[in-house]
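Starting from the given sequences, assemble the full structure and let the hints guide the process.
2 protein chains.
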Amino acid sequence: MADDKKLTTRAEDFSAWYNELVLRSELADYSPVKGSMVIRPNGYGIWERMQRALDDMFKATGHQNAYFPLLIPESFMKKEAQHVEGFAPECAVVTHGGGKLLEEPLFIRPTSETIIYHMFAKWTQSYRDLPILMNQWANVVRWEMRTRLFLRTLEFLWQEGHTAHATHDEAEEEAVRMLGVYRTFMEGWMAMPVITGIKSDGEKFAGALRTYACEAMMQDNKALQAGTSHDLGQNFAKAFELQFQDEKGEMAFAWNTSWGVSTRMVGGLVMTHGDDNGLRTPPKLAPIEIVIVPIWKNDDEKARLTEAALKVKAELTEWTGRGATDRLRVHVDLRDGMRSGAKYYEWELRGVPLRFELGPKDLEKQAVFAARRDTRAKQSLPMDGLPAAAAALLETIQNDMFAAALARREANSVRGKISYDEFRALMDGKGGFVFAGWCGSAACEAKVKEETKATIRVMPDAEFRSAEAPATCLCCGGPSMAEAVWARAY
Amino acid sequence: MADDKKLTTRAEDFSAWYNELVLRSELADYSPVKGSMVIRPNGYGIWERMQRALDDMFKATGHQNAYFPLLIPESFMKKEAQHVEGFAPECAVVTHGGGKLLEEPLFIRPTSETIIYHMFAKWTQSYRDLPILMNQWANVVRWEMRTRLFLRTLEFLWQEGHTAHATHDEAEEEAVRMLGVYRTFMEGWMAMPVITGIKSDGEKFAGALRTYACEAMMQDNKALQAGTSHDLGQNFAKAFELQFQDEKGEMAFAWNTSWGVSTRMVGGLVMTHGDDNGLRTPPKLAPIEIVIVPIWKNDDEKARLTEAALKVKAELTEWTGRGATDRLRVHVDLRDGMRSGAKYYEWELRGVPLRFELGPKDLEKQAVFAARRDTRAKQSLPMDGLPAAAAALLETIQNDMFAAALARREANSVRGKISYDEFRALMDGKGGFVFAGWCGSAACEAKVKEETKATIRVMPDAEFRSAEAPATCLCCGGPSMAEAVWARAY
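Same order as they appear, the protein sequences are chains A and B.
Under numbering that gives the first Met the number 0, think of the first position of the first sequence as 0, with each following residue one higher.
Under numbering that gives the first Met the number 0, think of the first position of the second sequence as 0, with each following residue one higher.
No lab work stands behind these hints: they were computed from the structure.
Among these hints, one or two may not hold up.
Just so you know, same-sequence chains aren't split out, so a pair can sit in one copy or run between any two.
[As the list claims (entries may be wrong)] Computed cross-link-like contacts, DMTMM-like style, restricted to lysine to aspartate or glutamate with a CA-CA straight-line distance of at most 20 Å:
id, residue 1, residue 2
1, K58, E347
2, K448, E11
3, K58, D325
4, K99, E89
5, K99, E143
6, K446, D200
7, K121, E25
8, K99, E73
9, K99, D325
10, K58, E47
11, K342, E356
12, K121, E19
13, K33, E73
14, K58, D275
15, K310, E47
16, K4, D299
17, K5, E394
18, K452, D168
19, K99, E84
20, K446, D427
21, K58, E317
22, K121, D245
23, K58, E11
What follows is the structure in structure tokens.
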């Protein structure tokens, strides 16, 4: 990699900046199948850390992993009317297998409600079999026309949680709980603040009763839907005869939820934290938290500094102050024939949160020269007590990145009275989130989308709502039924 | 689950036994897509532990994970002549996407050499870019006609490692190294002894120069190919123009390897260790290593025994004597309204390696009554020092399971002079591995397969070869070129 050409800046062209950053930091690459991408080790390493953190949280909330088939019979897709209407047009269809035309075409899963609830029905007899709390890590395919690396690709990786419950209350509680898990992950690990809330009927999942979502603001002030959790009601249970005998011995339909996040989050991370020098990775998700760059001018120095750098690495990785299972993740860059400046440039592009430079003078005073990736602030850190100091600095970086993203979101959110003309001008200009009233009509929602490309992202949860509830609809000026977050979105 | 019906025994019908065990222990289930299976949490939990152990070993040998597209253009499959001949007939083909007929059909990957080496070519300019050491965890589809749960399914989960090297020696070393990693895993974690060696040309991977394999003997004395590692030579490099500038500035083709293991291993584990009572899981791969069953007759006892069982669990799981990251995996069965006997039956079926029964008398003498799943041996274990004793017992179980499987394999292996008629009778009878000579001709290999359904599993590595090399070919009686392991296989 490492050509020293500067990235296009965010101010010049946000979209070009994003693509260049993803390609040049080797997070992903285009593939020969239009719309499909290759996730390279730098990007996959972030995804692996996302997976591990989420998987632990899913298990801690009682879920177990399983795996369901990739291929879904066409007839299954058609059993839930809204679902097939929403998904069939964007499916990839297998018509031939083993050299023969298939009797029934098979759809590559765009999501797995149909096949999973069919299986749940097979496994459920009585209330004692409920709840079923499952998750799968899988690939899905949706035939997208306009694709963007990570954000919208023909194939993507995700997890889809699927549950079945005896009562609607329990299902609703589960859907809200998992939305909370997503928020905890996005804010605590990705350092990406989100607004949680409920989708309008026009934006909900095809087949859901209610869809909850986490919405984040990117640096171009557009919204990214980063995760959704659906209360599916009994729609799929009825379509797939997912019934159980209740405590009174009567047959009842189960209540389902499904919830998912995907590799799209890697794109969200880039657009939340990247700067004109490249990626900034929140320490908790960084495959490498600290890169040590020894600096030498001759062979003698090379030998001494290499040895010292490896010793520092050993001390850092052996330290268990953050818990035995959460060691510091450290890399020493020993590449020869490459200027230190070029190394710094590359590690900044890749977004490693902390860089320790180690030259002869640093070694003499038993210190490293530490550079934060987020603020680019630099300071000398004594080797004595370095692991604890490094861990503390990483925690500060994690927190500061969240605070910076939160401040940016708040600075670009508009609350209070705004006229429709002002709103249109804002959407055509710098964008942002507008907290304003909605009369509840699909007509107003459609008109706003048509005229401004903005949509209702969510009707936000209580803690995000304005102190004074908006009185009128942003669009028609009629009485507001609910406060909504309006924004353009990815 | 838990109907108390006995399994068909292995002696009665090995195949029926296997299917019943897999279904009733809820490792997997049939799906509505013929030949595709659902991996249920009990089975997926074993697969997750397999993945974690292997992934750690791959990373320790320098590999990084990445992810490549599911869909491969038809034209890519056709670039390597042997490869397309081997795989195209068993591919699933996507002809429609987004409601339209595609200009070029897309194959669901049966394996990913073609797309991966295309990308490697894009990323490789000079010898400095080599070696590339990558792995992906993915699903693949092969249109199989006769499917068996885990062993042969239309879709399966696997990992495929792919590497590119500057020299053939390096590639060959890599292929052999990864075969060794597989063997270490299969013997050390699965407690499943394997014979390693090289495949005949007739049995090698479509497009490979050489295929190495691990072959295990199942309890019906048939062989299971449990993992393969391929030296691909320059076949794919030439087809996909994977070239690099060497140290002299000259262009050269790279040398590739690929290697894979799959969910088939779960089937291998069942057929190696299962008995007429159900699964026996090697402790290292068991999602639950110890199940504690408190036994009560009344509410007072229930309260006391529940408390005691949870206390034992806490002591076991808090113990770090096996390393902080390798805690004992313990479950307490507190289900009410279920006889203890039914619980034992269910946990035996599921294969949990160690059961601790805890009744009022055990509690009185501050002990648990421990039952090994592998030997069904029972003993009282004092609560004082229980974690270390339990860990030691689990290690004994792991080692004993390997020793038992090894002894069974050796008892069912034939070495030394065997006539072709004796061989045919053996294959039609109890089966087993026959170490015998091969003249090297494809004609003899084909004749043996035709007449006995046995194939050359491998030409074994030195340590597995007979003290005295066979002089003549098992089939034609001509001079032997190499010792081979002949057996019927899955």
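field: Unsatisfied constraints (hint numbers, rising)
entry: As far as the earlier hints go, 1, 2, 9, 14, 15, 16, 17, 18 and 23 are violated by this structure, in ascending order.
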